[in-house]
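Asker: So you can see what is in the structure, the chains are spelled out below.
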Amino acid sequence: MNQGVRPSSAGGAIDLRGVTKLYGGLRVVDDISLSIRPGEFFSLLGPSGSGKTTTLMMVAGFADVDRGAVDVDGVDVADLPPQKRGFGMVFQNYAIFPHLNVFENVAFPLRARHRPEPEIREKVNRALDLVQLGSFASRFARQLSGGQQQRVAIARAIVFEPRLVLMDEPLGALDKNLRYDMQVEIKEIQRRLGMTVVYVTHDQEEAMNMSDRIAILNRGRVEQVGAPAEVYERPQNAFVARFLGEANLLAGTVSAQAADCAVLRVGEHSFRARLAAPIETGQPASLFVRPERVLLEAEAGTDEAWNHVGGEVRRASFLGNIVRYLVQVGPSLAMRIDAQNAGPAPFAVGARVFLKWAVADSLLLVE
Amino acid sequence: MRREAFWRDPAILVYPAIAFLVIGFVIPLTWFFVATLSEIGGPSAILGQVVSIASSRAVVSALITTNWIALLVTALTLLAGYPIAYYLSTGNRLRFTLVLFCIVVPYFTSVIVRTYSWMVLLGRNGVINQALLSLGVIDAPLPLLYNKLGVVIGMTYVLLPYMILTLYAAMKAIDPSYMRAGLALGASRTYAFRRIYLPLSAHGAISGSLIVFILAIGFFITPALMGGPSDVMIAMLIERSVEIMLDWQGAAIMSLLLLALTLVLFAIYYRVTDVRRMMGA
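These protein sequence lines are chains U and L, in that order.
Quick note, the first sequence lines up with residues 1 to 367 if you use the numbering used here.
Quick note, the second sequence lines up with residues 368 to 648 if you use the numbering used here.
These are computed hints drawn from the structure, not numbers from a lab.
Please note: incorrect hints may appear among the correct ones.
[Said to hold, decoys possible] Restraint ranges, calculated between C-beta atoms of paired labels, are given here:
(1) Leu630/L <-> Ser145/U: 37 to 47 Å
(2) Phe587/L <-> Leu80/U: 49 to 59 Å
(3) Ser555/L <-> Leu22/U: 21 to 31 Å
(4) Pro566/L <-> Gln143/U: 12 to 22 Å
[Stated by the list, open to error] Calculated Cβ distances over 10 Å to all of chain U for the following chain L residues:
(5) Leu380
(6) Phe387
(7) Ile394
(8) Val401
(9) Gln416
(10) Leu445
(11) Thr464
(12) Tyr474
(13) Phe475
(14) Met538
(15) Ile578
(16) Tyr637
If you're wondering where the values come from, they're calculated on a predicted model, not measured in any experiment.
For each residue, glycine too, the CB sits at the ideal point set by N, CA and C.
This is chain L alone, in the form it adopts within the complex (with noise of 0.2 Å):
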């Protein structure tokens, strides 16, 4: 009896998946924590070797980059999807196919082969510059490349799906009859988007803010390539410590400092979706 009903129940669909992210992902992350914290010492030690990495100047000065750049790169991919996703959701199928299409299709390529082809647009010698500079907007080339600036155009192309897809999400939720009775009953076009539909697609624009943030403070690739010597990010720091000076314990505590912050924010992030299952949207 019981047996039966443990092959009915359908989250069985769910374990091959859970056991693949245990075995995969949960062990090996574990055990190197483990492994190399216990190298330290006992808890006490473990705290201090955390403070004062903590607080040394390379880290502090790569999480305020990395923060900073994605909060730049959140509002970006905001202020350009919000546009695109409300766009999308208003449109008929053939639109939307269309448009997903050339947002999605790129994803099938990879980060690196997308990152290195902004290089070879944003480059010194590159296509914009050459452009600006044939038509004589410019005199000399532009820094786009290997500066913050660079970094930020790199990680708001790549993360701007995340973002316009939830918001699609959100905004495809929202009944178009609440604006209609908006309009009905004499609301302009500008009320009723200020009353009703900035305030329902606003937990959409939450949801995607806080995975693009949440995406972003890990990045590695782009960063790495399209940034210069004083754009170092913190997941750049954990890659040096490991593979360059082989220093696994600052790895491990700098992961776990960059693990702390993502599961704050995917804590806050549990509550917004939360609450818009409460919203009954």
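Excised from the complex, chain U in its bound form (with noise of 0.2 Å):
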């Protein structure tokens, strides 16, 4: 299926610098500076009131920039109106005109360039082929699902072969299944069209899925960029930690360091942990390690490469595809385990257990 709408023109590359966004004193956009590559899926993610969306609004053109500066391939938009931008762009509640058909919905951006009427029918069937909407070109938004609707709100984005597709919350109003199938559908338009997208998102799994690279939102300010593994795996603060996945953070104080390596006392234990930053001995920190990094044994190991710990279990979730234990393992410290629902019968709860992950796995972040 080589057809498709032609591969946007080369460019699309976005530079946010020092980007600040005040509202009545409040910045709701703190000092953002990313540099976004041509052809790749950008998410920006972040909880509510985080200025994800405020930050698209402003690349949109629908919010001014009160200090920095966006540029678009090298050029700052700030004099450009969202009409004047050439951007593609789908919203969260999808925003299909309501009195046109899903044709003329996705011919509108080809209309209101006062494109020849083949070049619009070509183009416009292309589109929504690619969507998978050949047969609906002539139903109303209100005879077509919500992942229909979001289709033609695709559809109508990348008619028009932009450089830059914008996207906020897209798949919030569907239902989880039909997310994960959309996610997979944008993804492959996106690779095939080689189109720029910046995809705004409060869902996690969702940007780790499609992204290339992730923007960690966080009041305003970025807490970290990278690759969903890279993010995922070495978070740079506790925030990140928690905000993406599960993770387990005890807190305690560092007693001892070596090169990339330092012991955290925690309680009565003593943990070791590789540095995400430099630190100083006697300083407050929280060791981070994901769920299913931490292994349950039955007879405590000794292996050097591992940190050890003895505990209980407090409770076993059966999940399907893991089976999530809290194991207490101190007066006042419990941690989160995520067993792989393989092999041996899970353990019970009261069970005594023991508990090892790897030196390799655990991070020292500072909060």
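From these two lone chains plus the hints, build me the complex, please.
Answerer: In structure tokens, the structure reads:
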């Protein structure tokens, strides 16, 4: 299927340089700098109020940049109104024009650009085929399901071959199974057309599934930028660790350190962990380890490359593919463990167990 | 069981209003029509009378005047009301409250008072003519009152809020993200307005026009006070038949004609609002 809408002409690089947005003295977006490469699928991920949508609206031109600049392919777009920027845009509520049928909705950007009729027909049909809505051309939005409306919105955003497509939580209103299918589909379209996509979401799985890189935003600032695996495995701080999936964060004090390794004192236990950033002995810090990296065993281990601790199973939740344990390892210290549901029978509540996790999987984070 | 179901039905809340309408409006009106028309004779006699009255010079001329004035008034309220309603629908709460206050508060005073105020403004020695004369814009007072112009100005003013409120309701229902999507997809403001906003607000314009037109063809006080001798509208003709000529049969037939016209327009209005529901707006 090599037809599709033609790959967008190269371009679509975005540079946010110290972008700031103030709402009555409140910095909703606070000095954000990001470089998004052409053809990249880039997600802005964060909780509500983190400034991700405001950032997108500044790129789109619906919100003014109070300080800093947005460059697209090296050109400052501050003076361009949204209609002159030439980006595709997909909204959370789809915004399918209710009085126009699917064909006319998708044709809208082309008609607004006064393209000739044969070209419109050809491009609209191609875009509709791409989102698998070829036979729905004469339907109206009210006759379509949520997923189909979303596809119309996507076809409408790519039909004029923009170098850059902005998506504002486009799957927010869909149910979970459909979301995953649409993620795959959007990613596939983006890859095929080679366009740059800036994608706003608060769903970390969604961001990790689709993105080449993710920027994690919190209170208007960028906490970390990186590839999904990178930000998941090597969070730079506790916020990122907690926001991206489940995390064990054991709070303690640094008691000793070597080149790239430190010892953290947590209650009566001592654990070793890699350093995410230089740290001083005596400073409070948290040991970060993902629940799926912790192993549960019936007997105590001694391997030097691992952290070891004993405990008692407090809770065991059967979740199908995994069993999620809560293990009490100290008077006020509990750890979460995700064990694959494969192999031996799970541990029962109250069982005495031994936990171990690799020092290489442990990271020292400062709050 | 059944009794309980009856009392729990929310439709019960509508019954008093319906009862009031039936007793105060439907019954007297029906009685009036039946009583007056039965004096004429059988169905064919009534039909003959209807045809002769409907084709009489006075009635034909009054119907033409009525429709022409109603049409002018509808067009003017639409032209004046659309921008005002748009302004209202895009504004914040304060703006909405202020403008709505200015539009609605005059409605707490009677039509007669408001019509007389217009007469003070428009009369030969009225405020407008005085001002224009003293400014030297005109040499002689303009005939603003006791003619069609006066009737149209007065009725447009009285009917404008119906248009504005109907349009406002339609415009408020337009999701602002449609216009935003239009701009984001490269449409100029005028193009987005023409392709998106105008069609989406069209049913409001049609509903508002029908309401204003329906109200305008039955108008009495304003044209009676502000019109000239040739500006006789159908409601005035009916009033004269009852009050002056004591021709109740003629009045009944003319009322029926007016009622029939109104019902036809109302049927169209009903269809339009039905379509609106189908559009999911």
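Asker: Run every hint past the structure and note whether it holds.
Answerer: Consistency of the hints with the structure:
no. : hint                              : result
1   : Leu630/L <-> Ser145/U: 37 to 47 Å : holds (41 Å)
2   : Phe587/L <-> Leu80/U: 49 to 59 Å  : holds (57 Å)
3   : Ser555/L <-> Leu22/U: 21 to 31 Å  : holds (29 Å)
4   : Pro566/L <-> Gln143/U: 12 to 22 Å : holds (18 Å)
5   : Leu380                            : holds (31 Å)
6   : Phe387                            : holds (38 Å)
7   : Ile394                            : holds (43 Å)
8   : Val401                            : holds (46 Å)
9   : Gln416                            : holds (48 Å)
10  : Leu445                            : holds (20 Å)
11  : Thr464                            : holds (22 Å)
12  : Tyr474                            : holds (33 Å)
13  : Phe475                            : holds (37 Å)
14  : Met538                            : holds (14 Å)
15  : Ile578                            : holds (22 Å)
16  : Tyr637                            : holds (20 Å)
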